[in-house]
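Colleague: Okay, here's what each chain looks like letter by letter:
Protein chains: 2
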Amino acid sequence: MLTHKIEEVRANVKKWKSEGLVIGVVPTMGALHAGHASLIKKAVETCDKVIVSVFVNPIQFGPSEDFDKYPRTLEADVELAEGIGADLIFAPSADEMYGEGQRLSNDTLTYVAPPFFYVNKLCGKSRVGHFDGVCTVVMKLFNITQADYGFFGQKDAQQLIILRKMVNDLNVPIELIGCPIVREESGLALSSRNKYLNEKGKEDALALNKILNNIKMCYNKGVTDISALKETAFQFLNEAHELEYLEFVDKENLEDKEKADDNTLVLIACRVDGVRLIDNILLK
Amino acid sequence: MLTHKIEEVRANVKKWKSEGLVIGVVPTMGALHAGHASLIKKAVETCDKVIVSVFVNPIQFGPSEDFDKYPRTLEADVELAEGIGADLIFAPSADEMYGEGQRLSNDTLTYVAPPFFYVNKLCGKSRVGHFDGVCTVVMKLFNITQADYGFFGQKDAQQLIILRKMVNDLNVPIELIGCPIVREESGLALSSRNKYLNEKGKEDALALNKILNNIKMCYNKGVTDISALKETAFQFLNEAHELEYLEFVDKENLEDKEKADDNTLVLIACRVDGVRLIDNILLK
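First to last, the sequence lines map onto chains A and B.
Residue 84 is where the first sequence starts when you use this note's numbering, and the numbers rise one by one after that.
Residue 84 is where the second sequence starts when you use this note's numbering, and the numbers rise one by one after that.
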């Protein structure tokens, strides 16, 4: 069932809670692909009732980012989510989420602000305010759905670590389940933003996965020096690529690693033909 | 029953929820007085189960404020709260609330940040970061107790308005109940900080209530000019008083009023013999 209204979600949740049912939420921005499908599938397996939210959240986009251009495919999203077994698709308007005509700024709205040390690096460095927007909307979705489990993709690894930190710091009564990255056969990590790529762009985009796989292979052969591992990346980059970062951090707290080890998460962000793509791999 | 452990609160809450009971929470910093007692009484009347938290929250005190000196009277607090009918007194350590050895800063912790327009005035102007600390700890307490109702005193009027805004903005599934200010027979608003006052200080402290009552009387006689109303305050002030603010704001959103009206909240903060006291009155 599709709803656009918070009160309708609450009414369903209240009923389900009174029946002792376990609720899962899968927060998405829509344009659902097989990556999202894997989250919904996991949620359906784990929970009695599953809510999929579809909301392109304005407060997590910067002024020069792709909020307007971001793909919106609600009809197909509903079909996909219901096909897998989702019970409720919650697709609110911005007015429904933030109040009609509400100015969207921290002058006028309460925000959830993740720790500076978790935010001021990787994607947060170029996307100022992004993770404040993410944490705020996810906290709202957790409160609206009162879900027992929340499902997130490992592809947005920094986001998942920051959300785990939020849940821990604010004692949110929910358990977060991280799900593995889903890839095309070519190795390209699925992303709603892949829709911006043409055929050549998709070819060029394979570099991200190749770089990460090659780093893991080198690590498995015994290379732990991070400068050396980083240097192996350049063979995969050409004039189509604009590397934003390639970083080695702790998988729990995002602290920079001095040497690569089994708890190291390697993250990459790269523009390919102007489209910003991310990927990551765990070295273990 | 007294507990210091989050897990023990959660275990009780889980049991109560499974029985369909309505839960209330009364967040306090302890040193309970008749003002708190009125909140607990209201909670006991409204809810099936009542949790009173007693926690002097370090992150809402500035470096030069009275965190160390703040009165701590846990044994008496437990007796008072249980005497009124509270079911659980939750008195955690800072380590229990924020994690052992955790650095308490927004570099390392997730905060709930209320809107700048609500914070950058009245008490928030002199107490920088105070309301971030309040919102963060109250959100934690709401999440730990999963209460249906939260009880707060109207004496901390700015706090209550900011918490209502937080609940609304973040869709927290709780209803906040504001309770009237409790006063000594003399008119002095009850406050844990009154313990810092000697006899003469208590006498001087009556000025706050006198100023507010006099303003309301003048308003009732038809004076709506705020400058004129403010000027009536000075007759009550002497060298023992250091006026911090006397402001006329909207009772819902704290916006400055241009003329006094029925929705105007008049707030005062004043140091008396160095002790910072606050009070307020609604003009209607």
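FYI, nobody ran anything at the bench for these hints, they're computed from the structure.
One thing to keep in mind: the hints can contain errors.
No distinction is drawn between identical chains; accordingly, a pair holds when it is met within one copy or between any pair of copies.
Stated by the list, open to error - DSS-like, lysine-lysine: derived pairs with alpha carbons at most 30 Å apart: (1) K334 <-> K88; (2) K98 <-> K204; (3) K100 <-> K124; (4) K100 <-> K125; (5) K293 <-> K97.
Keep in mind the model is a prediction, meaning the values are calculated, not measured.
Colleague: So, for every hint listed, does it hold in this structure?
Modeller: Verification of the hints:
| no. | hint | result |
| --- | --- | --- |
| 1 | K334 <-> K88 | between (37 Å within a copy, 28 Å between copies) |
| 2 | K98 <-> K204 | neither (42 Å within a copy, 42 Å between copies) |
| 3 | K100 <-> K124 | both (21 Å within a copy, 28 Å between copies) |
| 4 | K100 <-> K125 | both (20 Å within a copy, 26 Å between copies) |
| 5 | K293 <-> K97 | neither (47 Å within a copy, 48 Å between copies) |
Violation of the numbered hints given earlier is confined to hints 2, 5; the remaining hints are satisfied by the structure.
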